[in-house]
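**Student:** Protein chains in written order, with my numbering: chain B, 7 to 247; chain S, 3 to 286.
Check each hint, because a few of them may be wrong.
[Stated by the list, open to error] In silico contact screen, one side only, chain B against chain S (beta carbon under 7 Å); selected entries: (1) Thr12; (2) Gly16; (3) Arg23; (4) Glu79; (5) Ala80; (6) Ile90; (7) Ser91.
If you are wondering where the hints come from, they were derived from the structure by calculation, not from laboratory data. For each residue, glycine too, the CB sits at the ideal point set by N, CA and C.
Each chain is listed here by its residues.
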Amino acid sequence: MNRFVTLIKGEIIRLKRYNLFAASLFVSVMWVGVLHFIDMENVTEIIPQLVFIDVTTVAMLLVGVTFIYERDEATIRSMLVSPISKSEYILAKVVSNIIPSILSLTIMFLYSKIFKTVDINYFVLLGGVILVAFFHSLIGFLLTYYSKDFTDLVMAIMKVFLIFLLPVILDEFNIVTNKIFKKLVYIFPTKSTLMILMGTAGVVEHQKIIISIIYILLGSIILYYLVWKNFEKYALRESGE
Amino acid sequence: MYKIDSLRFKYPKNKEDTIKDISFEIKKGEIFGLLGPSGVGKSTTQRLLIKLLTGYSGRIFYKGKNLKSYNNNYFEEIGVGFEVPVHFSKLTAEENLNFFKKLYPSAADTDELLKKVGLYNDRKKRVAQYSKGMKTRLNFVRAMLNNPKMLFLDEPTNGIDPKNARIIKEIIKEYKQQGGTVLLTTHLMNDVDELCDRVAFMAEGKIVETSTPKDLKLKHGSREVDIEYREGDKVIRSTFSLNNLGDNNEFISIIKNKEIVTIHSKENTLDDIFIKVTGVTGDE
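Let the sequences and hints guide you as you build the complete structure.
**Tutor:** Encoded structure:
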């Protein structure tokens, strides 16, 4: 347990030192700007939508970027010859990458509580954010396995965004209203993550929320297995081959 | 300490084996040098021993037990000094070491190690500000920070000035005196000559020669002595066989009557042996 805590602390320190926390904070401030300039007093439904965009992209990007730093600086080698397990390494990275998402949520929530009207239970939304960030951090892990460098990673995230996020956003904001399209988006795990977050605003049926949670939990287990299973292959590549 | 038996390994993308049926032993308390030009499989062999690579055939035994039977606790017993820097560049040297120290159940006095390698006064500097030589020295401290029983060192003095290289070598000798075992991978034959108890030369994925540096020199050297002496204004050079040298009247006459300029036995240097045994014409 001590080692796991050390790994998490190490990740958090590095997020700060490599200015990734600052970048994440900057994005949060941008969301606050959106909330400020939006012509609505009650932002209950807006907050989960913004959190959705923030958490899904930032979680994937942060895991990827920290990984690429470790690859470039070869510190992954040093990690691989220390007595930590694969699970400790993966989970520490995922858990610490959830923290910027929590920070972002808290900033948006506090702003809305003070300057706007919001009817969401912070802690329920926090639970949703943790689950969604965990899921997308694992996707970020997998994307990094197959990315050679930062540009490659950004391209991969863009593809994920276009394929999995954009259709859900188009559906959510009723930009596309086609009935078949609206049904098809339910296949995407991103639709489930959005429903979990929107559920905290009381605009999604309970049954749908429960199915979404089960979907994302099962998805997380599968993703975790894939990340864990491919770790050796990744380690081999990081060993210079 | 280690027994490597019929080891073979192939990288997934390669057609040929990188390691082709090698067998050797590393005895407890010795410094074992693994030598050879680039790309012959030295680093791959080391990576197999430090469990960075798996999927090999043959067997590796550590302390009499199959290496595959060890879990992550194995890493508590080994220290690895990589050739390339392995530090978080935006953290200070001290922060780097403190982070890694906490991953082990017991740790060395890193302040003392930093003092020995001359980095103590720079310990609060970010590693990004370090020179290549400083990073190499910090790598060495990283390798030693868990008080390892077995130390794997890949070019530990590469890029370091002679004074600091001497310090690193003295620490390695001290480590050996305290019972530590070392696998040294290098192409710097001076280091090998000074440090290694035994060496193995690798070429094309195979071990082509294993011996002590002294025996290698004797085996590959000529049993002759070169002598240079003054004859009037000239310097004359002669070569004599070491066999029955004491009965060689010409040699004895030169020694007695001439002014000797130089006298050398013609044993090969490890550099010569390296080139001869591995079939390269320099450090590839």
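**Student:** A separate judgement is required for each hint: does it hold in the structure or not?
**Tutor:** Going through the hints against the structure:
A cut of 7 Å between beta carbons decides the hint on threonine 12/B: the least distance to chain S is about 4 Å, and the hint holds. Checking glycine 16/B against chain S: minimum C-beta separation of about 5 Å stays under 7 Å; hint holds. At a threshold of 7 Å, the smallest CB-CB gap from arginine 23/B to chain S is about 4 Å, leaving the interface hint in force. With a cut of 7 Å, the hint placing glutamate 79/B at the interface with chain S holds, because the nearest CB-to-CB distance is about 6 Å.
Using the Cβ-Cβ criterion of 7 Å, the hint placing alanine 80/B at the interface with chain S is satisfied: the shortest such distance is roughly 5 Å. Among the interface hints, the one on isoleucine 90/B holds; its C-beta lies about 6 Å from the nearest C-beta in chain S, closer than the 7 Å criterion. Here the hint on serine 91/B is kept, as its CB sits about 6 Å from the closest CB of chain S, short of 7 Å.
In the structure shown, no violation is registered for any of the earlier numbered hints.
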